[in-house]
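Put together the whole structure using the sequences plus the hints.
Chains A and B, in that order, are what the protein sequence lines are. Heads up: the first sequence begins at 669 in our numbering, then just goes up one per residue. Heads up: the second sequence begins at 17 in our numbering, then just goes up one per residue.
By construction, these hints were calculated from the structure, which means they are not laboratory data. Possibly wrong hints are sitting among the right ones.
[What the hints assert, rightly or not] In silico DSSO-like cross-links for lysine-lysine, where the CA-CA straight-line distance does not exceed 30 Å: (1) K709(A) to K679(A); (2) K679(A) to K158(B); (3) K709(A) to K158(B).
Keep in mind the model is a prediction, meaning the values are calculated, not measured.
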Amino acid sequence: MARVLVDVMLKPEILDPQGEAVANALPRLGVNGITSVRIGKRIELEFEGEPDLDQARAVADALLANPVIETFTLRVDDTAEAAETGEENAA
Amino acid sequence: MTARIGVVTFPGSLDDRDAQRAIRLAGAQPIALWHGDTALRGVDAVILPGGFSYGDYLRGGAIARFAPVMESLVDAARGGLPVLGICNGFQILCESHLLPGALTRNAHLHFRRRAQGLRVENTSSAFTAHFDAGQEIVIPVKNGEGRFVADERTLDELEGEGRVVFRYVDGNPSGAMRDIAGISNAAGNVVGMMPHPEHAVEALTGPSVDGLGLFTSVIAHLGQAAVGAGS
Chain A
669 MARVLVDVML KPEILDPQGE AVANALPRLG VNGITSVRIG KRIELEFEGE PDLDQARAVA
729 DALLANPVIE TFTLRVDDTA EAAETGEENA A
Chain B
17 MTARIGVVTF PGSLDDRDAQ RAIRLAGAQP IALWHGDTAL RGVDAVILPG GFSYGDYLRG
77 GAIARFAPVM ESLVDAARGG LPVLGICNGF QILCESHLLP GALTRNAHLH FRRRAQGLRV
137 ENTSSAFTAH FDAGQEIVIP VKNGEGRFVA DERTLDELEG EGRVVFRYVD GNPSGAMRDI
197 AGISNAAGNV VGMMPHPEHA VEALTGPSVD GLGLFTSVIA HLGQAAVGAG S
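Structure follows, in structure tokens:
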């Protein structure tokens, strides 16, 4: 599977009210040790052939993330191999 | 000659008809523009209306930015065409980099709709000449993602150049930084605002008729431009 995973997160200085709402709900589960929750998006791009990281980066930069408020990271999804080797392919 | 003001309809636009009606009430001719068509049909100004273009998928305005009509519109706006983005239209202008900053989820997570007090901070934009500086007006807001954010440097630049066009008074409905409700580009021809002036044009349906001022302002602005070009 030729798949690139894009993780989009709000920049640290941007308020994440959704994350705060989740964090505030945790004590109701009896969880008290988590001090912060931030919510982002994961986008999966499937390629016909070999994954093209440069193209994925261009797509992420132009559309998937807004650089004014968000950052993104890319990685090739090789979970089948990674499951055996325990390695992650970071880009 | 009657001014021709375009209103773009995207899939998911809600307030395009209201914007057309406001244009008509203000004395200009509304021209329907279509998201999938690059033609601007010779309009003198453009309104990007409120709604949820392309379902607000990914981020409000993110996909609309790549609509064919936006290719022509971004060029025309850089060339001086007056453009007003309302609510989702404001989000589209930020995503298109015609305006700085971004609109994020309201700090309290609630969708807010109410008659909102605004102070007019800038009367030199293409859409605000018919107001007095410091005038307080009432315009409806209705959004869940209307919180204007930008870095401190950008905020200082907007303030320093007088590009904060409207500021919230009587409470900030979204947690917007520095109570910013609307801004303009450096030239003043592109204005984005979260409140909806097209919903404040008739006593029967609006909390005021203050919204008409934006539409009559741009009509007057276009009239002056035409006189200037003719002389």
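Hint check:
1. Pair hint K709(A) plus K679(A) holds up; C-alpha atoms about 13 Å apart against a cutoff of 30 Å.
2. Only pairs whose Cα atoms come within 30 Å are accepted, and K679(A) paired with K158(B) is accepted, the gap being roughly 26 Å.
3. For the proposed pair K709(A) and K158(B), the alpha carbon gap of about 25 Å is at most 30 Å, so the pair holds.
Checked against the numbered hints above, the structure violates none of them.
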